[in-house]
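Protein sequences, first through last, are from chains B and R. Take the first sequence: its position 8, counting from 1, is numbered 8 in the numbering used here, and each next residue is one higher. Take the second sequence: its position 22, counting from 1, is numbered 1022 in the numbering used here, and each next residue is one higher.
Since the hints were derived computationally from the structure, they do not count as laboratory data. Glycine residues also receive a C-beta, built at the ideal position from the N, C-alpha and C atoms. Hints should not be assumed to be uniformly reliable.
[What the hints assert, rightly or not] If you want the footprint, here are the derived chain R segments under chain B, 3+ residues with CB under 8 Å: (1) 1067-1073; (2) 1108-1119; (3) 1136-1146; (4) 1149-1157; (5) 1193-1205.
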Amino acid sequence: MRPDDPTDLPPDDDAVPAPDAPADASERARAKAFAELIDKVVAGRPPAAVPSEQQELLEVATALRASVRPVELGASRRSAIVESALAAAIDRRAGGHGRVSASLPVVPIGRAAARRGARTPWLIAATTSLVAAAALTLWLRDRGAPRAAPPAPATAAAAPLPLELRSRPADPLVGAIPAERAGAALDRIDTIYADRLDGFRARTMSGGLR
Amino acid sequence: MTSLSSARAWTRLTRAALRVLVVALAALAACTGSDDGRPAAPPPGRVTQVTQPEDGIDQHLMIALSQAKNFHHKAKVYMSDGKPDLAIAAVRGVLAVTFPAGAPEAEDVRADARALLAKLLLAQGQADAAMSEIDAGLAAATRDSFFVANLYTVRGEILEAQAAKLDGAAAPDDVTRARELKRQAIVAYDKSIAINEALQRQLMGRP
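Whenever a hint applies, use it, and build me the whole structure from the sequences.
Take a look at the structure:
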């Protein structure tokens, strides 16, 4: 308050100082006390009782702070809200009325993820152990088993010999023997021998006979 | 800070466990796939060995045929030299040739030798000995063949020759005997004809 103020208002704590007026000591003290009050409210430690004029200011300050800086929930708080919503949904499907059923074990999301993460190495280690045990068992079994002889080459004939390379009746070669040739055995043995010699040579030349 | 270090430690542990798991799986695959070091099955077509079939023309068969051939030539020389006894002995040598077991040529060659032997014996007037050779040849036959048919033909010739000897006889028994021999000769020729026809149909592929 300046002494040469034309309004000449009496000093009043509730009076609103002029915008450009320098703050005096009492105004600074009141501002400091209000700032401490806001800090306590923001920190979650509001005072038990607040003067009505300060209550209004406090609400305005809280609204302003919320408008310029959205509130971010902590991870635990977020998980708790989601879990409670899930539990409520489960409970509703089970016929409840939106409250978490006591019979349904609800595992907190964060804890479940942490539990999975903690189990993974142990699961892998268990699987590895089983595989190693199987490999060891197979190895020991094969060592203990008597060694089988290497498979013999297949000895089945791939195909029968051609007819001309086989020992066979001489009927097709000789044909019917007329009566006047009944004693011509020499001619027939010559024919048979010549034919079989051809077959024998063919078989020898082809490498089928050693 | 502590939870971050713990998470990193778990991650490292997980990666290490995964590496060990991969190694163990590889070992397991090796154990199941190696088959105890036994050689793997060779590719088909590489180890198949064509067998030496017993019915293939081999050296033993050729030696036997060569011996039979030589005995026949020897008999021809003896016959041309007027030595029928030596010729008969040479033909008997054919019957003594050892052929490979089961060789079809053996039966054919022996039957043909017996037919020739019977004709030589018949020419020497030994009709009964000739018939014995024919009977022995027919008894040894395991299948019909042109050589068996030829044995029946020679059998008919022997019977015909025996009947011809009785043609001039006046005794009623000889007449009856001659008639019976001729009948048997016809039966033998018919048998030879039947065998030949059946074999020719078979060789021509007709039923």
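Hint by hint, here is what the structure shows:
1. 1067-1073: That given contact holds, which follows from 4 residues of the segment 1067-1073 of chain R lying within Cβ reach (below 8 Å) of chain B.
2. 1108-1119: holds (count 7)
3. 1136-1146: holds (count 3)
4. 1149-1157: Holds: 5 residues of the segment 1149-1157 of chain R have a Cβ under 8 Å from chain B.
5. 1193-1205: It holds, with 4 qualifying residues against the three required.
Comparing the model with each numbered hint stated earlier shows that all of them hold.
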